[in-house]
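Number of protein chains: 8
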Amino acid sequence: MNEEKLAHLLEQVKTGQCGIDEAIADLKRLPAEDIGFACLDHHRTLRTGIPEVVFGENKSAEQICEIFSRMVQRDGAVMATRISVEKAVVVCGKFPDAEYHEAARIVVVKKNEDKISGAPIVVASAGTSDIPVAEEVKVTAETLGCEVQPVYDVGVAGIHRLYNRMDVLRCASVVVVVAGMEGALPSVVAGLIDKPVIAVPTSVGYGAGYGGIAALLGMLNSCAPGIAVVNIDNGFGAACMALLIAKGQSK
Amino acid sequence: MNEEKLAHLLEQVKTGQCGIDEAIADLKRLPAEDIGFACLDHHRTLRTGIPEVVFGENKSAEQICEIFSRMVQRDGAVMATRISVEKAVVVCGKFPDAEYHEAARIVVVKKNEDKISGAPIVVASAGTSDIPVAEEVKVTAETLGCEVQPVYDVGVAGIHRLYNRMDVLRCASVVVVVAGMEGALPSVVAGLIDKPVIAVPTSVGYGAGYGGIAALLGMLNSCAPGIAVVNIDNGFGAACMALLIAKGQSK
Amino acid sequence: MNEEKLAHLLEQVKTGQCGIDEAIADLKRLPAEDIGFACLDHHRTLRTGIPEVVFGENKSAEQICEIFSRMVQRDGAVMATRISVEKAVVVCGKFPDAEYHEAARIVVVKKNEDKISGAPIVVASAGTSDIPVAEEVKVTAETLGCEVQPVYDVGVAGIHRLYNRMDVLRCASVVVVVAGMEGALPSVVAGLIDKPVIAVPTSVGYGAGYGGIAALLGMLNSCAPGIAVVNIDNGFGAACMALLIAKGQSK
Amino acid sequence: MNEEKLAHLLEQVKTGQCGIDEAIADLKRLPAEDIGFACLDHHRTLRTGIPEVVFGENKSAEQICEIFSRMVQRDGAVMATRISVEKAVVVCGKFPDAEYHEAARIVVVKKNEDKISGAPIVVASAGTSDIPVAEEVKVTAETLGCEVQPVYDVGVAGIHRLYNRMDVLRCASVVVVVAGMEGALPSVVAGLIDKPVIAVPTSVGYGAGYGGIAALLGMLNSCAPGIAVVNIDNGFGAACMALLIAKGQSK
Amino acid sequence: MNEEKLAHLLEQVKTGQCGIDEAIADLKRLPAEDIGFACLDHHRTLRTGIPEVVFGENKSAEQICEIFSRMVQRDGAVMATRISVEKAVVVCGKFPDAEYHEAARIVVVKKNEDKISGAPIVVASAGTSDIPVAEEVKVTAETLGCEVQPVYDVGVAGIHRLYNRMDVLRCASVVVVVAGMEGALPSVVAGLIDKPVIAVPTSVGYGAGYGGIAALLGMLNSCAPGIAVVNIDNGFGAACMALLIAKGQSK
Amino acid sequence: MNEEKLAHLLEQVKTGQCGIDEAIADLKRLPAEDIGFACLDHHRTLRTGIPEVVFGENKSAEQICEIFSRMVQRDGAVMATRISVEKAVVVCGKFPDAEYHEAARIVVVKKNEDKISGAPIVVASAGTSDIPVAEEVKVTAETLGCEVQPVYDVGVAGIHRLYNRMDVLRCASVVVVVAGMEGALPSVVAGLIDKPVIAVPTSVGYGAGYGGIAALLGMLNSCAPGIAVVNIDNGFGAACMALLIAKGQSK
Amino acid sequence: MNEEKLAHLLEQVKTGQCGIDEAIADLKRLPAEDIGFACLDHHRTLRTGIPEVVFGENKSAEQICEIFSRMVQRDGAVMATRISVEKAVVVCGKFPDAEYHEAARIVVVKKNEDKISGAPIVVASAGTSDIPVAEEVKVTAETLGCEVQPVYDVGVAGIHRLYNRMDVLRCASVVVVVAGMEGALPSVVAGLIDKPVIAVPTSVGYGAGYGGIAALLGMLNSCAPGIAVVNIDNGFGAACMALLIAKGQSK
Amino acid sequence: MNEEKLAHLLEQVKTGQCGIDEAIADLKRLPAEDIGFACLDHHRTLRTGIPEVVFGENKSAEQICEIFSRMVQRDGAVMATRISVEKAVVVCGKFPDAEYHEAARIVVVKKNEDKISGAPIVVASAGTSDIPVAEEVKVTAETLGCEVQPVYDVGVAGIHRLYNRMDVLRCASVVVVVAGMEGALPSVVAGLIDKPVIAVPTSVGYGAGYGGIAALLGMLNSCAPGIAVVNIDNGFGAACMALLIAKGQSK
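Residue numbers (numbering that gives the first Met the number 0), protein chains in the order written: chain A, 0 to 250; chain B, 0 to 250; chain C, 0 to 250; chain D, 0 to 250; chain E, 0 to 250; chain F, 0 to 250; chain G, 0 to 250; chain H, 0 to 250.
For the record, the hints were derived by calculation from the structure and aren't laboratory data.
Misleading hints may appear alongside valid ones.
[To be verified] Subject to a maximum C-alpha distance of 16 Å in a straight line, what follows is the list of computed EDC-like cross-link-like pairs (lysine to aspartate or glutamate): (1) C/Lys13 / E/Asp20; (2) A/Lys13 / B/Glu10; (3) B/Lys13 / A/Asp20; (4) E/Lys13 / C/Asp20; (5) F/Lys13 / H/Glu21; (6) E/Lys13 / C/Glu146; (7) G/Lys13 / D/Asp20; (8) H/Lys13 / F/Glu10; (9) B/Lys13 / A/Glu21; (10) E/Lys109 / E/Glu141.
As the structure is a prediction and not an experimental result, all values here were calculated from the model.
All chains should be modelled from the sequences, with the hints used to inform the complete structure.
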């Protein structure tokens, strides 16, 4: 559309219907659309075979359905995070292709998509209570085309559990480590492998855990290099970061 | 420059030296420069008769002199905030036109500039310790072309002092209120006049004042409508906001 | 009333019914009423054609109705913010003239009022979740007599959307920017236009967003001059500040 | 009781039934009871005609009734704070002498008591939302024997309302000032009178008010001397402090 | 002065030189001065025999001397807090009547003053490191006319030290308790006596004491009624509050 | 199991079925299992006669039952903390051997176990509202084999109550002190006895107590040596720490 | 002394020189001294062969020498923590018996003392920067009579270093774990051994470590039971806690 | 070494010199050394051609020289961060091969090393004050073998500067974005490209920037997916994370 408009303008310049000064003035008033081009291109590439993502936390089942209708029509695929069982029932009732991942609280409507080749993303979680966030990582990354290997319940209070899974960790393209409470697991993992570690603090804990601050600060202050951190409970964000890293390796 | 480049491209389109597809491709790769146009225009307007502003806090006298050299050459005017007496001595030694406002900690090198017409900006301060920040507001706004009326030392602990100056406050285009400690003055001022109030918390105080947090939170939670707040000790930012408001009225 | 009382006192002084010392003593005991005069005048001016505003958050539908009854009787107009759908049903049932703005959560009972002339207030919002606060700004400002132009869903993660609306932003009297999460939009807007920007952080987000602190701090620390900030989710306060700025320009 | 025990021991020393060394050993093992004496005396004095106070927030109606039964039996009087209407219905149903102060959320069962003579305690509140806390101050102090004079809704956003009540404030033995949001009222009051001011921050507000922190910090950092502060929403504590001050004056 | 002006106006009204309407207009424009009357009266009373107080923390010795010159000339007395030894040497060199209280960091120039009768203020401190703040309380209150009884180094880690001084505490008009670290002493004191307790948190401590926050929060959350709190290290403020309480009793 | 595997490997080395290089390679790939040995041994020891502990806060009754089934089958014993009455009814319905400690919110299914000899653990609580956490300490420690002596409601606001129980405190192996609000009790206790004190802050309180922060900071900043602190409301953690200390003494 | 006084009083009761009522009154006025007995006894026991401890941080070398003079005279022993090299030179110059432990920043003047028998205290530190705090633990505990085994530089970023020292850790009476940054080491240690772990957060780190908060929160939220925490950098406090635990085992 | 020891043990098992039970016992006591193997291997790989890194902030020039001596001897290479000019002069005086990067505050002694192939790391900085941290990223990554492309001074207040560099950003393997104040740049960058973004908040700013908290929170709460965050001013950590990502792509 914009490209057509631009072509039309240039055509007019070529044919003399539009003077150069006039064309410059027109072009100046349209920079956003020019960027819009780039961004849309970029977005289109990003979106090929990849469902759009809706943050479902504060949206009603009805609102989610409405967004899904538009997105499925446009892209043939859509994905929503933070969806309770109650909302999922409604959404899946309306969209027969929708699949609900209960542990991850994610609903996905997807067409077939190209897989990203290469080593899998490993998702490690410290405790059983961190699994919902770990599953958000896993389902998001899988939906976006990555292979994911889960390594759950390997927290530092019983560190031998982690050692039993070192071979899996060492073969990752990138490791996402999900931990609440004191959030110490990423430091230990990063001290043992030479892969980038994405640390996800969770709000698991109570008292001076302050809804994930203790874990967040612990991860930011890690004594082990090779760690970067996302927001508390932000499994989706960690999956996106991991995806971009894995994609870089698959090229 | 960019405009020339653009004209050249369009000329080539017109003469057929450059195909339309090729031109579209070129234009797509240059959106930033298009925006650059707009921004530069905008900046040029902004800068007419207005000195550039340098944040001097963490810069050495030498660094400030170097920046001044380039800016004076380009614009004939420059202004720097957060300049200690020691640095000012060095800077004013090198730039004979430079004027140092000690209380405001500002150095100004300026050409004559157009004044903004209309009602003055009033700068009110709660205590004598808040005056350096109030002076930063005053000297910044005056340098940028506004008339400023100071109303100092009218804090809420002796509120009759404020009442004695109500006539000045009522004639303002906008009132900047500078206060530390509990930061209560903006609420009282905003409850008495119908002008926009820009509240500047200062780091004056100790203990549970936490370097200005108490004043900042107080101002954000004001029970009187018509107040907006800038960062702690940010006299420069308040002056810029006030200037934009005053300019709107002078048009 | 007070003026009558004062006239009566002076009459008594004139006629010798009241001695000068006695009159001085009386006058000293009444300063509040003198100020009361001014304040009432001032308030009367403020209130002309403008509904009183009730903060509805912690009030029951019954309490709101009771306040409305008194205010409508006195002023013929009233407005209440933070009204849930449930409360709105009750209130609108009792006051047939009342209009409920659901997105803004505002109920308005208003007489016709004089419009403020001049450029519109522009309200920009970063995400769709910020729209309720943006609507609080819009409905408040419109109710108070301003023209408002909304520019929604133009957050920095897809900045081309903002560029598409630059012409609207550039024609504003003042721009209110509503954003949650990292609250970066006001900096970008203020870097592109020469109008005052009022930044409204919202509690949209989770984890280390801490109910709007991240956005609030981001806005207070903006690297772009010409921004002032109101409390988290305080759409009403931003509208009042914007109104006072717009009124200054309309005179 | 303890005194009897002590008398009995000394009697035995006197009669030689108990040796001095033995008595010393006994006395050493009983210091707590000695202090207990003092404390009980002190407590008894405190309690004369004064109901015991129960913090009702986290107690069920049943638990409150059970405590009331024991206290009424022992002291003939009892008082409980933070009692919801629902709990009050249950409690007043069981204790026909109980009186519920709904605004203050206090239930009182009391015998007649001696009044504290002298100037009244004045309780000032900034907004209507602060009244529940102000009423907790008022009902507590009245129940404990003080005369209380309320001065409500005199916040700094419309400071003429405060001036209209200066005569009441000036006659106080002590002024309790209750305010939420920015908590500026105590500073203004303390700047106008020469009585001790007890400042009570309330959790009224939202956003960066952080449940009363803004008001608390504002009050702690007051620029006016003669203010001391109690916990957020702690009307009961303020009333106790005021009572002790008023009692000192009545002696 | 103002009173003369007012008398003159009324005289003119009486003689008909000034019409009533004209007089009303005049009076309306002067409310601040009317309040000024009251405030000045009030201030004059406050200041009788009482030195003005200068906060010396961020002022140079020269600035302090300049303020002293003006104040001594006007009032014959002055007092400054937070004065280092270095500044005191300069100030006392210029003002031979000045007396420096090193522990309290206070300089006083005073004429003889009327003493406040009645029971003394007791100042209790927890540790030896809290003594500077305790001395600020003591010297301030003594300078303002109160008798003060110090009870130092009676912290809760060796609570028998407090018991040895109970007789002194019980005879106080009001007790100021100064404590850093966990700030537990005020709770224990308030649990043992029936006098108002003013708690002063100090910045003594390290680590999670956060410059006095731990003590401040502890005191605000005291389980013992009859306590109110001032800012961290605010010995001066505590002394003013204590003075107002003691004065109420001496009347 | 692992040991068998290891023995088998070594047997193969001995008989030449497995070469030394091959055995080294095998052993290197199994370090975690080696540690697993140690840990499992260690765990087995820890678990002898001691029920496993489930944190029940965010688990449904169904989830708890499922975990119980597996654990009872494996260990014959299990224990779960933070169990509401509603969940307890379900769990105890399914497990007839289960015992619910309502005040402590703990469910225990246990075989008979060896008692830890020596002096009892003393659990002191400041107020009645702290008792649920104190009971979590008590029931946990008893379930794990320790004798526990409760000393409840001995807070610093009435310190004579503590003195009456000094003999109990002095005979402890370790004292767990549970307190909310200002959390001053551990300091007083540690100043009176020569036993290790484990301090447990509780979330009891309101306003500036911030859900236990005031108590936590108070305890961390205690002026009395011999105190260490656990998380807010972490009765279970305090009991484990106390158990390890008591076990050290019983050997 | 007090005991003599008490004996004298009882003697007078016995001989009739003092009536029983009179004696009761006397005894009531002396409870503090009775407790004083106990406390002094208790203190004497505590202090036998143990140097008094002076917190040297904010004291001058002169003040420390003065305190040392009195203490050495009374007890023959004294110890001071947080002593810089500069102060140590002065103090050791005056007290030839004084020994300075530079890494621990402790000066000790001690007579021979009885050793506490039993297993040693193990002090583990995460990084080399944590060693000063670890040394404060070590020197304090050794000075107070305990054997101490250091295990330094075994942080979680290279966890094999910890495994190499497991035999030392397993033989401890109690383990003090000193760590800054994310403070993860105590969790790992407590997951591997069955001894009580005292965690000491240090202020080592920068940025979001906030002077030790990250480590402190991490330790409080540890997922491993059997940990209790002391204040940031509080090596002395950890040593005292460890000493009391070790003493319990040696009895 | 350890492998030899292990081989020796197995040899002894093979020859019967060591029984199987004895060997198992030995092996159990050595797991750490087994892990040590793995870790050492892993470390050796990591360290090939890569200098060790010393955090120089709190170390004296002498301490740094001492560490350098050992490391250069062992590895032939070493690198230290946070080195002031003063320290650098001393270190470079002793190590003629050492090179000081003043803006980055890094000293490097390095042998030739293998370069990591593939797309460069791009380091973008918002303001000129952020350049020291950006340079720490650049010099670290270059020293560790990566090509780095700097894009400085492209903050959001003049966003056209960023657009001019889009081609560089789009060709990165990974983009490190360094920003202080409100920290908005990472969001904008991540919204424009499909590469992983590592966000580095800096302590640049003042007032409510709180030494980098505003930037840190802003980055954690970014509305753009594909961002992970490191500690404030942690250029070194960001470079390590970027290196691991770039290495993954170069394989």
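A quick look at each hint next to the structure:
1. Our distance criterion of 16 Å between C-alpha atoms is met by lysine 13 of chain C and aspartate 20 of chain E, whose separation comes to about 12 Å.
2. For the proposed pair lysine 13 of chain A and glutamate 10 of chain B, the alpha carbon gap of about 8 Å is at most 16 Å, so the pair holds.
3. Taking the CA atoms of lysine 13 of chain B and aspartate 20 of chain A, the gap is about 12 Å. The hint holds against a cut of 16 Å.
4. The straight-line distance between the Cα atoms of lysine 13 of chain E and aspartate 20 of chain C is roughly 12 Å, inside the 16 Å bound, and the hint therefore holds.
5. The suggested pairing of lysine 13 of chain F with glutamate 21 of chain H holds, with an alpha-carbon distance near 13 Å, which does not exceed 16 Å.
6. The hinted pair formed by lysine 13 of chain E and glutamate 146 of chain C fails the criterion: a straight-line CA distance of about 54 Å is larger than 16 Å.
7. For the hint linking lysine 13 of chain G to aspartate 20 of chain D, the alpha-carbon distance of about 12 Å falls within 16 Å, and the restraint holds.
8. Under the criterion of a C-alpha separation no larger than 16 Å, the hint pairing lysine 13 of chain H with glutamate 10 of chain F is consistent with the structure, at around 8 Å.
9. Distance restraint check for lysine 13 of chain B and glutamate 21 of chain A: the Cα-Cα separation of roughly 13 Å lies within the 16 Å cut-off, and the hinted pair is therefore satisfied.
10. A threshold of 16 Å between alpha carbons decides the hint, and for lysine 109 of chain E with glutamate 141 of chain E the separation of about 11 Å falls inside it, so the pair holds.
Comparing the model with each numbered hint stated earlier shows that hint 6 is the single one that does not hold.
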